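Chains as they are written, first to last, in our numbering: chain A, 1 to 353; chain B, 1 to 353; chain C, 1 to 353; chain D, 1 to 353.
Just so you know, not all the hints are guaranteed correct.
Since the list gives no way to pick one copy over another, a pair counts as held whenever it fits inside one copy or between any two copies.
To be verified - Using 30 Å as the maximum straight-line C-alpha spacing, the simulated DSSO-like pairs for lysine-lysine come out as follows:
{"#": "1", "residue 1": "Lys269", "residue 2": "Lys307"}
{"#": "2", "residue 1": "Lys148", "residue 2": "Lys8"}
{"#": "3", "residue 1": "Lys151", "residue 2": "Lys62"}
{"#": "4", "residue 1": "Lys257", "residue 2": "Lys272"}
{"#": "5", "residue 1": "Lys272", "residue 2": "Lys74"}
{"#": "6", "residue 1": "Lys98", "residue 2": "Lys257"}
{"#": "7", "residue 1": "Lys257", "residue 2": "Lys201"}
{"#": "8", "residue 1": "Lys74", "residue 2": "Lys62"}
{"#": "9", "residue 1": "Lys201", "residue 2": "Lys45"}
{"#": "10", "residue 1": "Lys257", "residue 2": "Lys169"}
{"#": "11", "residue 1": "Lys307", "residue 2": "Lys169"}
{"#": "12", "residue 1": "Lys151", "residue 2": "Lys8"}
{"#": "13", "residue 1": "Lys8", "residue 2": "Lys74"}
{"#": "14", "residue 1": "Lys307", "residue 2": "Lys272"}
{"#": "15", "residue 1": "Lys98", "residue 2": "Lys272"}
{"#": "16", "residue 1": "Lys45", "residue 2": "Lys257"}
{"#": "17", "residue 1": "Lys45", "residue 2": "Lys8"}
{"#": "18", "residue 1": "Lys307", "residue 2": "Lys8"}
{"#": "19", "residue 1": "Lys62", "residue 2": "Lys45"}
{"#": "20", "residue 1": "Lys169", "residue 2": "Lys191"}
Think of the hints as simulated: they come from the structure by calculation, not from any bench.
These numbers were taken from a predicted model, which means no experiment stands behind them.
4 protein chains.
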Amino acid sequence: MSWTIGEKLKITVFGQSHSEAIGVVIDGFPSGVTVNVDKLESFMKRRAPGQAFSTPRKEADKVEFLSGLNVDGKTCGSPIVAIIRNTNVQSKDYDNIKLLPRPSHSDLVSLLKFGEGRDIRGGGQFSGRLTAPLCIAGALCLDLLESKGVKIGAHIYSVGNSFDLPYDKVDEIIPNNQVDFPAIDKNQSAKMQEEILSVMKEGDSIGASIECKIVGVPATIGEPMFDGIENCLAKAMFGIPAVKGFEVGAGFDVCKKKGSENNDELTVKEGKITTVTNNDGGINGGITNGMPITFRVAIKPTPSIAKAQQSVNVESMEEETLEIRGRHDPCIAVRAVPVVEAVSAIVFANLLI
Amino acid sequence: MSWTIGEKLKITVFGQSHSEAIGVVIDGFPSGVTVNVDKLESFMKRRAPGQAFSTPRKEADKVEFLSGLNVDGKTCGSPIVAIIRNTNVQSKDYDNIKLLPRPSHSDLVSLLKFGEGRDIRGGGQFSGRLTAPLCIAGALCLDLLESKGVKIGAHIYSVGNSFDLPYDKVDEIIPNNQVDFPAIDKNQSAKMQEEILSVMKEGDSIGASIECKIVGVPATIGEPMFDGIENCLAKAMFGIPAVKGFEVGAGFDVCKKKGSENNDELTVKEGKITTVTNNDGGINGGITNGMPITFRVAIKPTPSIAKAQQSVNVESMEEETLEIRGRHDPCIAVRAVPVVEAVSAIVFANLLI
Amino acid sequence: MSWTIGEKLKITVFGQSHSEAIGVVIDGFPSGVTVNVDKLESFMKRRAPGQAFSTPRKEADKVEFLSGLNVDGKTCGSPIVAIIRNTNVQSKDYDNIKLLPRPSHSDLVSLLKFGEGRDIRGGGQFSGRLTAPLCIAGALCLDLLESKGVKIGAHIYSVGNSFDLPYDKVDEIIPNNQVDFPAIDKNQSAKMQEEILSVMKEGDSIGASIECKIVGVPATIGEPMFDGIENCLAKAMFGIPAVKGFEVGAGFDVCKKKGSENNDELTVKEGKITTVTNNDGGINGGITNGMPITFRVAIKPTPSIAKAQQSVNVESMEEETLEIRGRHDPCIAVRAVPVVEAVSAIVFANLLI
Amino acid sequence: MSWTIGEKLKITVFGQSHSEAIGVVIDGFPSGVTVNVDKLESFMKRRAPGQAFSTPRKEADKVEFLSGLNVDGKTCGSPIVAIIRNTNVQSKDYDNIKLLPRPSHSDLVSLLKFGEGRDIRGGGQFSGRLTAPLCIAGALCLDLLESKGVKIGAHIYSVGNSFDLPYDKVDEIIPNNQVDFPAIDKNQSAKMQEEILSVMKEGDSIGASIECKIVGVPATIGEPMFDGIENCLAKAMFGIPAVKGFEVGAGFDVCKKKGSENNDELTVKEGKITTVTNNDGGINGGITNGMPITFRVAIKPTPSIAKAQQSVNVESMEEETLEIRGRHDPCIAVRAVPVVEAVSAIVFANLLI
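Chain A with its partners taken away, still in its complex shape:
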């Protein structure tokens, strides 16, 4: 099924933008673990709207646990279900989309696929809001992984033609909850923010890439061929709306490189065999080699823009001009950074519990 990820630790997301609630089922989580509610809430805030560069809509994103905890607040070995009520629902905003599918949105496929069952309100089940329950599961997994010595950090790697410092130039994982804009280099951060402000003024949006680094994963995790680390991560990352590309280590740069440039030669560090460079992004043959795991995802520009666009009226079958009302994220990638961390945490929690 489409809404579930993971095998040992099965995460199922549910809800639509305007349903009673959105939520997540976390099945397979170890028992006896105390949920760190403060950490969870602080993590959720990073994804929530209402921040700089994001839509000013307010979502309280108050997490309510329905099951899976015992009387002491410890996980009881049964599915943890947590929901967020949809309170700030204004269905009127979306009336014009009903007949005029938004370009590069899922409006058209939703209509074709679900027919009269389609939930048009706020993008229905295709809404980016569904990443909030992913973050609930991710926060629990991040905490679990930290207890096993695994840390995960993502940052905006590029916006338009401005690039941040790549993560392999930095030793430590940057704690993203202490910054306004999730970037490593201050100067580059400013440039990337300028790119966003510039398109914002035009009523346009801009694409970006996110880089993620995972440290502390021991060697030998993952399986050859179809259950390798790359397969699992890629499958999971394309679950995040707007992702159109995924690359590991040197990624698409390998296409331009020679073997003698790209191969990670071996050396010995602290009594262990390790690699001098990390073009393979910590993975060989689908299996971790002990080096940091690094990958990047391409996030397309928010398709909802203020600028006039050509659509087709699904009743008259005539071309019409669509003008999307309301304000939208000029660079959705900014709020996707914690989602990338959350989904990475779900993948690695599956591999390491």
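Starting from the structure of chain A, add chains B, C and D where the hints point.
Just chains B, C and D now, kept in the frame of chain A:
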């Protein structure tokens, strides 16, 4: 398990480079279908070694069906199992790897993960040879898809800094079995071949990208979030050895684009709503929109190169220089083109049967 | 994961006896279907406590839909999540179980498996209350199946040494919502009720068997070997608490029969090949043959009885006498009848959508 | 898919009675294990035909390993594939079945389901011969389990109206390879053999039940609801042809028992809490409690009998009398005993590796 892909049509690959045989189990294939053996053999040849730019090793790759066919050669609704005997096995060639893991190969992770079970001969289960059984399954799926009006074609999109014509400039799927080198544009094909010849002379190898286009898939195929077309394709593609990146439609280029540039505006063609451009690569919200599906994979340079490299002796734990004997593919991507088609066919056969 | 059943239509149950809520995720249900709330509530009542022969505890079992429906109350193609709040929670009742595991209950394995995460309240996740969300999913599936011409009916087949009329003596499926006690033959129904009243007075409980019949399933459904109808039904039925046996058609009686007695000879009816008898219960080689599908499950006596029993104090490790307070179902099978129908419906909905 | 069982250790059976070969894929087996070929062959013999009370057909059942072993004969962590060539193939024997489906066989459903793809030869994929590859996987699993202190033994529990000693009266697991007829009590064994001889003379067959006992499984194995031990065992057991019932512990006897009779009271033995009786068959709430696991399966009489039976000609749609030529097992349960052990071993290997 790592060696299986697909749910409705479950493909399981097995074997090691030097085991008695390699092979594939195809479970879920429709019954009553006649296997087109000629088409199968002609497809297998495209992947086989012994061609221009590839290792001169000869692999007969003779396909033998063990089960799944009835007395008339029709599929009987039970798992189809086909094998290829490993005949040309020279285990001596690989003795020096035992102590000296090859950089950017799976030798080290194989040793760490499988210990004394490790099959060192010819790369064991990590050998690119395992893509041959994938091609058996792929050939059957391609035939099945063709009967449903779906065509799949891949080509070398770039080698080093030389680029072929992108597939969205071409209307038809190019039949790859009629060309020596799987490219669209003749001039660019020549340039890409030169790049390969050049690194070949240096005892080096080079990376490349492969582009694939699928036409004839109806709209509404795929599911939102984790079982979208992109998730399925990405998971499958990283099963091909040496793949380090996957992108759909405009791919990583979206990071540099504005919404107004990237959005695929809608129009009407032959009574159907379609898009003017195809930056989304035929997929919205994980679901096909009826446009051709386009994607690219990054293939790293063959890690086995003649040039001296630094490795570590796993017994003495001392750095040593490794020189890999024998001849290897200077650009493994060339032989990976039919594998990309095969794996795409497996993915779409799963979605369309 | 343990709490999920089904592949095409994935049903996941969650909650504990005393958690905030119990509920179910129904992923894969067709879109555009209107949920029949009246039918749902009437079905839920059949399982609810507070009836004749059942524990007098009151559970409102008010079903609340959190997601999966659009603004018109139609299924939108996304996971349907429905919950029941746990309102009538009296945790005090269960304090003495904490140290004294109840014989033939899951108290001991729960303690050993979940340690300090264990949810002792009301049996935690092992509570029979978890069958309520199964009934929500089942009610939706029953309605869906009815629209495809499939009907499912179960009845108490035996209590102690009293037996109802077997279902193959009856042509029609009996609508269970019109009777107090789910049996076919009135006289036998009275005898079975007497057996229950008799043990009830003794502060004891009694086992029973439930028979289920499914009509309208076309031939050729199911797969050989591990995905046959019997495999799917058996796996699912043992998900109902207290089930200790499952048999199809003639079931364990086949052990005493000769081939010439047990074989279902073939004949022609209304132009179709069918069988004279139905000892195979409508299934050959895992696949439906078009005859009614019949099976029985064995339900053990409720382990919670008023009579004194020997337990062991988990702290002192001394044997102690346990007396379970409160009133419990003297024959839990009575309330399990709709659950058997619900779980059957889930199995066949998976096979037929 | 139908031919696969297990998740961590995935066993896929393939082949038809008269295909080139039948075989098994064992994916997920630990690496570095030496396959005990002698033990494997001795186990295979117990299932092979040509024994007392079985069809005199000779099947060499020579096991050939195609993959999964390294140069030292150790498992290499990759799928182990083993096949048995079908050599003794006489397709003529089955010609009359083509038009006249055998009662209570899968002939009719095979025709309806697979149409012209149907493999009529020797029962095609429905042949009992497919249990041979199950035994290969089972033998490897039995060996693996033995190294973890788990032993599995099955025996004929009843034939017609003759019953063996139940396994809970015996402390040790009986090594079945040392007896001609797999029963515990010598006198009862003789009676059961007489029942078989008696029906054999009549050209008839007889049903039987098999009991299985598993010792050494620690407590806490299994999950609540749908992934309990009973669910897994039941699902797997119905994969064995001719199984029509499955019961655990006291099984269907619970239907006649009171709670005070059926509950397993607790006591302390060797410092551990254990039960006085074992009516629950070692399982509570789907989870092992440390007691021996006991279950029984009902095996229907071989449907292939010499006696004349009524069938229907699928072309003329007229009733015709069918007389099945050749000799068949008068009590197929005898050869199913090692298969029950093998399938149990597959289930528990999945749970314990």
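Hint check:
Taking the shortest alpha-carbon separations for Lys269 and Lys307, only the inter-copy value of 24 Å comes in at or below 30 Å, while the best intra-copy value is 55 Å. Within a single copy, Lys148 and Lys8 get their C-alpha atoms as close as 17 Å, and across copies as close as 23 Å, so both meet the 30 Å cut-off. In this assembly of identical chains, the alpha carbons of Lys151 and Lys62 lie at most 30 Å apart only when taken from the same copy (26 Å versus 43 Å across copies). Within a single copy, Lys257 and Lys272 get their C-alpha atoms as close as 28 Å, which meets the 30 Å cut-off; across copies the closest is 43 Å, which misses it.
Only between protomers do Lys272 and Lys74 lie at most 30 Å apart by alpha-carbon distance; the minimum there is 26 Å, versus 38 Å within a single protomer. Proximity of Lys98 and Lys257 under a CA criterion of 30 Å is satisfied inter-copy only: 27 Å between copies versus 48 Å inside one chain copy. When the C-alpha separation of Lys257 and Lys201 is checked against a cutoff of 30 Å, the pair qualifies only between copies, where the shortest distance is 16 Å, while the shortest distance within a copy is 39 Å. For a Cα distance limit of 30 Å, the shortest separation of Lys74 from Lys62 qualifies both inside one copy, at 19 Å, and across copies, at 27 Å.
Taking the closest pair of Cα atoms, Lys201 and Lys45 come within 30 Å of each other only inside a single copy of the chain (25 Å); across copies the shortest separation is 56 Å, beyond that limit. In the homo-oligomer, the alpha carbons of Lys257 and Lys169 lie at most 30 Å apart both inside one protomer (20 Å) and across protomers (26 Å), since each shortest distance falls under that limit. Taking CA atoms no more than 30 Å apart as the test, Lys307 paired with Lys169 passes between copies only; the shortest distance there is 28 Å, against 39 Å inside one copy. For the identical chains of this complex, Lys151 and Lys8 are neighbours both inside a copy (20 Å) and across copies (27 Å), given an alpha-carbon limit of 30 Å.
Proximity of Lys8 and Lys74 under a CA criterion of 30 Å is satisfied in both settings, with 19 Å inside one chain copy and 28 Å between copies. For a Cα distance limit of 30 Å, the shortest separation of Lys307 from Lys272 across copies, 25 Å, qualifies, whereas the shortest one inside one copy, 56 Å, does not. When the C-alpha separation of Lys98 and Lys272 is checked against a cutoff of 30 Å, the pair qualifies only between copies, where the shortest distance is 17 Å, while the shortest distance within a copy is 60 Å. When the C-alpha separation of Lys45 and Lys257 is checked against a cutoff of 30 Å, the pair qualifies only between copies, where the shortest distance is 28 Å, while the shortest distance within a copy is 41 Å.
In this assembly of identical chains, the alpha carbons of Lys45 and Lys8 lie at most 30 Å apart only when taken from the same copy (28 Å versus 35 Å across copies). Proximity of Lys307 to Lys8 under the C-alpha cut-off of 30 Å is found in neither arrangement, the shortest distances being 45 Å within a copy and 41 Å between copies. Taking the shortest Cα distances, Lys62 and Lys45 sit within 30 Å of each other inside one copy (10 Å), while across copies they are farther apart (33 Å). For the homomeric pair Lys169 and Lys191, the shortest alpha-carbon distance inside one copy (19 Å) is at most 30 Å, but the shortest distance between copies (35 Å) is not.
Of the numbered hints given earlier, the model fails hint 18 alone.
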